[in-house]
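**Q** Sequence:
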Amino acid sequence: MNKRYKIAIDAMGGDNAPGVVVEGALAALQEKDDFEVIFVGDKDRIGECLKDKTYDKDRVKIVHTTQIIEMAESPVAALRQKKDSSMAVAFRLVRENEADGAVSAGNTGAIIAGATMILGRLEGVARPVLSATLPTLKEHNVILLDAGANVDCRPGYLQQFAIMASVYLENVEGIENPRIGLLSNGSEDEKGDSLTKEAYALIKECDINFTGNIEAREAQSGDVHAIICDGFAGNVLLKTVEGTAQTLFTMIKQFAGADPDGMKGMQLMQPVFAKLFKKMDYNEHGGAPLLGVRGGVVKAHGGSGSNSIRICVLQARQLAHTNAIEKIRVRLAENK
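Under the numbering used here, the sequence shown has 87 at position 87, and the numbering climbs by one with no breaks.
It should be emphasised that the hints constitute simulated quantities derived from the structure, not laboratory data.
Just so we're clear, the structure is a prediction, and the values are computed from it rather than from any experiment.
Under the rule of at most 25 Å between Cα atoms (straight-line distance), these lysine-lysine pairs were calculated in the DSS-like manner:
(1) K253 to K275
(2) K197 to K336
(3) K138 to K275
(4) K278 to K264
(5) K3 to K61
(6) K275 to K264
(7) K264 to K253
(8) K278 to K253
(9) K51 to K61
(10) K51 to K32
(11) K61 to K82
(12) K191 to K204
(13) K32 to K57
(14) K43 to K57
(15) K3 to K57
(16) K83 to K61
(17) K327 to K204
(18) K32 to K278
(19) K138 to K239
(20) K327 to K32
(21) K43 to K82
(22) K3 to K327
(23) K253 to K239
(24) K32 to K3
(25) K239 to K278
(26) K61 to K43
(27) K83 to K43
(28) K275 to K239
(29) K43 to K53
(30) K32 to K53
(31) K138 to K278
(32) K61 to K32
(33) K239 to K191
(34) K204 to K336
Here are the in silico distance ranges between beta carbons for each label pair:
(35) R95 to T250: 41 to 47 Å
(36) K204 to M251: 39 to 45 Å
(37) K191 to R80: 40 to 46 Å
(38) A258 to E176: 45 to 51 Å
(39) G302 to G47: 22 to 28 Å
Glycine is no exception: its CB is placed at the ideal position from the N, C-alpha and C atoms.
Turn these sequences into a full structure, and let the hints steer you where they fit.
**A** Printed below as a string of structure tokens:
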């Protein structure tokens with residue numbers, strides 16, 4: 001009999017919990033039949049969400065908890081004070097081999113701190129890394145590592161980020177020989193600050209498809225599958241992309257609304273805009289894996305809808321199915 005994977009889901013994490021979390025997880029169950037979900041949180045509220053839903057009851061379990069880590073709470077303090085929180089218990093299930101992975105749309109800082117403290121880092125990992133997904137001009141997306149977990153980095157951290165990104169893309173995304181780029185202020189080899197230059201030399205020696213430096217303006221070109229950088233630069237790039245997209249959409253509406261011909265043109269372009277909005281919508285891209293810890297952890301956006309949760313659960317299932325965490329450990333050891 002094939003193994004049935006178990007994914008622990010922080011049912012109380014996120015702006016729309018537990019409703020959309022339950023709905024998204026049940027949708028994921030319909031796509032793959034080799035895993036089950038463990039909803040962690042208030043059993044009464046979860047049970048209310050499950051009521052009148054059609055699902056395989058043998059593949060759904062509930063672990064009751066009494067506490068929730070709120071979005072605005074101090075991550076470390078909350079984890080220490082709320083040991084029966086849905087997030088902490090979900091991670092403990094992974095640590096105790098009661099689950100093969102975890103998904104949470106909760107407090108980002110708490111997810112990073114909790115996964116690191118409860119699960120621990122993989123052998124040899126200096127810092128776990130959080131990725132983010134950006135759409136590109138091509139069919140595939142690009143992942144950005146680090147998206148904000150480690151503001152201050154050393155060259156060796158970026159080397160490890162590059163290796164982990166390559167293994168993740170190969171296994172979870174199914175991309176053969178993924179192209180890995182290093183964020184810099186120019187594409188030439190000699191460009192960059194001291195961190196970038198030293199990281200370049202280290203990554204170049206790794207057994208991955210490193211394509212060299214990539215500028216921020218090319219981040220969404222689709223020329224690479226992963227962009228490596230420190231958490232400060234990554235978070236700035238991520239928020240710049242998000243802000244630019246929001247500003248552009250708002251400007252289009254403003255200019256079109258001030259011109260009758262513009263409004264007619266906008267109506268004609270509605271199918272195109274619908275496709276564009278869908279491509280830019282984070283709910284279409286799932287979550288951010290936290291790589292480098294002893295377990296498959298996927299962080300969903302706090303405002304995730306059910307579709308985003310569905311994709312996140314399938315990501316966690318794929319991490320388990322491909323044994324990606326163990327493969328990351330092995331690849332890091334080979335590239336010491």
